[in-house]
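Enquirer: Take a look at the letters that make up each chain.
Number of protein chains: 2
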Amino acid sequence: MAQKIKLSTIADALGVSTATVSLALRDSPLVADTTRERIKDHARTIGYIYNRRAASLRTSRSGIVGVVVHDIMNPFFAEILKSIESELDRSRQTFLLSNHYDQLEKQRNFIDTLLQLGADGVIMSPAIGTPREDIQMLEENGLPAVLVARSVEGAGVPVFRGDDSYGIGLATNHLISLGHRRIAMIGGTDQTSTGRHRYQGYVLAMEKAGLKTQPDWRIPGPRTKQAGFEVSGQFLALPDKPTAAVCWNDLVAIGLMNGIARAGLVPGVDVSVTGYDDLEEAAIATPALTTVWNGQSDVGRRAARALLDRLNGVAVKTSPELIKPELHVRQSTGKPVERK
Amino acid sequence: MAQKIKLSTIADALGVSTATVSLALRDSPLVADTTRERIKDHARTIGYIYNRRAASLRTSRSGIVGVVVHDIMNPFFAEILKSIESELDRSRQTFLLSNHYDQLEKQRNFIDTLLQLGADGVIMSPAIGTPREDIQMLEENGLPAVLVARSVEGAGVPVFRGDDSYGIGLATNHLISLGHRRIAMIGGTDQTSTGRHRYQGYVLAMEKAGLKTQPDWRIPGPRTKQAGFEVSGQFLALPDKPTAAVCWNDLVAIGLMNGIARAGLVPGVDVSVTGYDDLEEAAIATPALTTVWNGQSDVGRRAARALLDRLNGVAVKTSPELIKPELHVRQSTGKPVERK
Chain A
1 MAQKIKLSTI ADALGVSTAT VSLALRDSPL VADTTRERIK DHARTIGYIY
51 NRRAASLRTS RSGIVGVVVH DIMNPFFAEI LKSIESELDR SRQTFLLSNH
101 YDQLEKQRNF IDTLLQLGAD GVIMSPAIGT PREDIQMLEE NGLPAVLVAR
151 SVEGAGVPVF RGDDSYGIGL ATNHLISLGH RRIAMIGGTD QTSTGRHRYQ
201 GYVLAMEKAG LKTQPDWRIP GPRTKQAGFE VSGQFLALPD KPTAAVCWND
251 LVAIGLMNGI ARAGLVPGVD VSVTGYDDLE EAAIATPALT TVWNGQSDVG
301 RRAARALLDR LNGVAVKTSP ELIKPELHVR QSTGKPVERK
Chain B
1 MAQKIKLSTI ADALGVSTAT VSLALRDSPL VADTTRERIK DHARTIGYIY
51 NRRAASLRTS RSGIVGVVVH DIMNPFFAEI LKSIESELDR SRQTFLLSNH
101 YDQLEKQRNF IDTLLQLGAD GVIMSPAIGT PREDIQMLEE NGLPAVLVAR
151 SVEGAGVPVF RGDDSYGIGL ATNHLISLGH RRIAMIGGTD QTSTGRHRYQ
201 GYVLAMEKAG LKTQPDWRIP GPRTKQAGFE VSGQFLALPD KPTAAVCWND
251 LVAIGLMNGI ARAGLVPGVD VSVTGYDDLE EAAIATPALT TVWNGQSDVG
301 RRAARALLDR LNGVAVKTSP ELIKPELHVR QSTGKPVERK
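Going line by line, the protein sequences match chains A and B. As numbered in the numbering used here, the first sequence has no gaps in its residue numbers, which increase by one up to the final residue, 340. As numbered in the numbering used here, the second sequence has no gaps in its residue numbers, which increase by one up to the final residue, 340.
So here's chain A without its partners, still in its complex pose (with noise of 0.2 Å):
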């Protein structure tokens, strides 16, 4: 790694933080002109810019990979990292992990700490709101990324996650197969591009078949399963009460679910629920999720041969690979039943 300037050697050189440095060369007003143009200026003068060729010289690897997501706890990411591990796993690989709990400084300050170890590339699930600009600094570093789960326009890096208005269609069209005509939705986000196109996947199945959504009828915000559990009375209240759910994830709906049974319903009988992920838990659930696969084995194990591809200097699609979800019919949804 001799070869490849480091931010920690512009950083010693100028007496700055690496963090400092990072900030500067990607016009961060966190960071004084005086000393942006100071740090641009050093960075220039010893070769800065030449940094992508020689990154492609690179022959030695650090055996570190880095991988960054809004929350490695949550059971989605955890399943996306499993597989990754097993994909790049080699006796001394070291993955480092960290949870930008969707704030660009935790990210910024974890990628400036991959930079700082010379790591091989990182995987990230990035931060709401990461500019392009941030995804090519690494780049630029020679720090190859792939990105999964959510894409970031114009970045140019290899993206892989699931087609999230083809698969939320998989669950409401099974709904509506299954006679439901009155179909809530819960959970989910409009910040992100997945909470964006699972809603509309939602509507456009309802409106092919010919039936109304009404506002009421969505419940934003949910993603884990307390925030399912808690939202289940205000779902039994739902005007004109729907006879069926289409959860945001498999967490909402197994959630949702605990919440109908407390209130003395059956789910799965008395109301139907979806979910969607298909984690592992989906299929011991009581009862037994009917939820859509997301391909989150499929995400990582592409995603880290992508990464491995790039380290190999063989080209890669930067265009978003949508993996095709699938539904997985089990106890959790049946026929319409009409409550008092």
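Among the hints, a few may not be true.
[Stated by the list, open to error] For each label pair, taking beta carbons as the anchor points, the in silico distance ranges come out as:
{"#": "1", "chain 1": "B", "residue 1": "Arg196", "chain 2": "A", "residue 2": "Val314", "range": "45 to 55 Å"}
{"#": "2", "chain 1": "B", "residue 1": "Gly264", "chain 2": "A", "residue 2": "Leu204", "range": "33 to 43 Å"}
{"#": "3", "chain 1": "A", "residue 1": "Asp89", "chain 2": "B", "residue 2": "Asp190", "range": "23 to 33 Å"}
[Said to hold, decoys possible] Straight-line C-alpha distance at most 35 Å; calculated DSBU-like pairs for lysine-lysine:
{"#": "4", "chain 1": "B", "residue 1": "Lys324", "chain 2": "B", "residue 2": "Lys212"}
{"#": "5", "chain 1": "A", "residue 1": "Lys324", "chain 2": "B", "residue 2": "Lys82"}
{"#": "6", "chain 1": "B", "residue 1": "Lys317", "chain 2": "B", "residue 2": "Lys82"}
{"#": "7", "chain 1": "A", "residue 1": "Lys82", "chain 2": "B", "residue 2": "Lys82"}
{"#": "8", "chain 1": "A", "residue 1": "Lys82", "chain 2": "B", "residue 2": "Lys324"}
{"#": "9", "chain 1": "A", "residue 1": "Lys208", "chain 2": "A", "residue 2": "Lys340"}
Think of the hints as simulated: they come from the structure by calculation, not from any bench. For glycine and all other residues, C-beta sits at the position ideal for the given N, C-alpha and C.
Got chain A sorted already, so can you dock chain B onto it with the hints?
Expert: Relative to chain A, chain B alone:
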């Protein structure tokens, strides 16, 4: 941090990897004798052994804290981590997480990475078989360590964990007081101190009440929801049909309850089940789980504070701090029912 000798300094000087240096300094048989001696000689020459004192002189911090556990995706560790993060969180703090999956080599690679980075400290739930020398090596390199959940005999660093024998006794005594006489224990392993303490605590509580334990009534192994689900058939077919199950943790208990429900019985009515940990999920399970609060938030908070104290040069206790568990009674336990 200029006064600190890093492993990479030795590695660079001798043209070997930092991993090799680290292994050699620990007298690992994985390093050839001649290489090991060369490394140890050089380390002595450049004053490596004075490092402990150098470390205490450190004033600048890297802002990096490492956390390594068996599996960060296990909600038990996830809840400890959340508590560590909320205690230590500063705008520029970076948490590096890693799973060792009880493989010493993975744990060592992660530690080497932290040493390379000049990390401020590490909080770890040590891998099965971690020798005390591995922990002492951290200290000698100026990387303060704090242990959670598991002890390493003689390591001489702070340890925070629950009182497992006492805690499992709470669950067992609760079932005995409800009238249960035939109580099984599901899950856990004798390979960890935690596993041994919980099994001993269960046996002790049974014996104190004058009840027999049958070897058959112990089903060791399961630690996940999936595994708890899978042994439910085996549990229901045990000789003399135990009327209750004390489970290794909440995950096993929830999986077992799902399996019992799948078999047409009602957990909490036909069979009583207790968990351990009191994960967030326990309260919203169906039925709500009677379990033992294991102090994850306390463990995380106190471990974080002990690390901060160490960084600030405040002396901290190195004898294990046992957190007193508490019984939380919910719906999954009731009077014994004889099955046909």
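Enquirer: To test your reading of the hints: which numbers does this structure violate?
Expert: Of the numbered hints, all hold.
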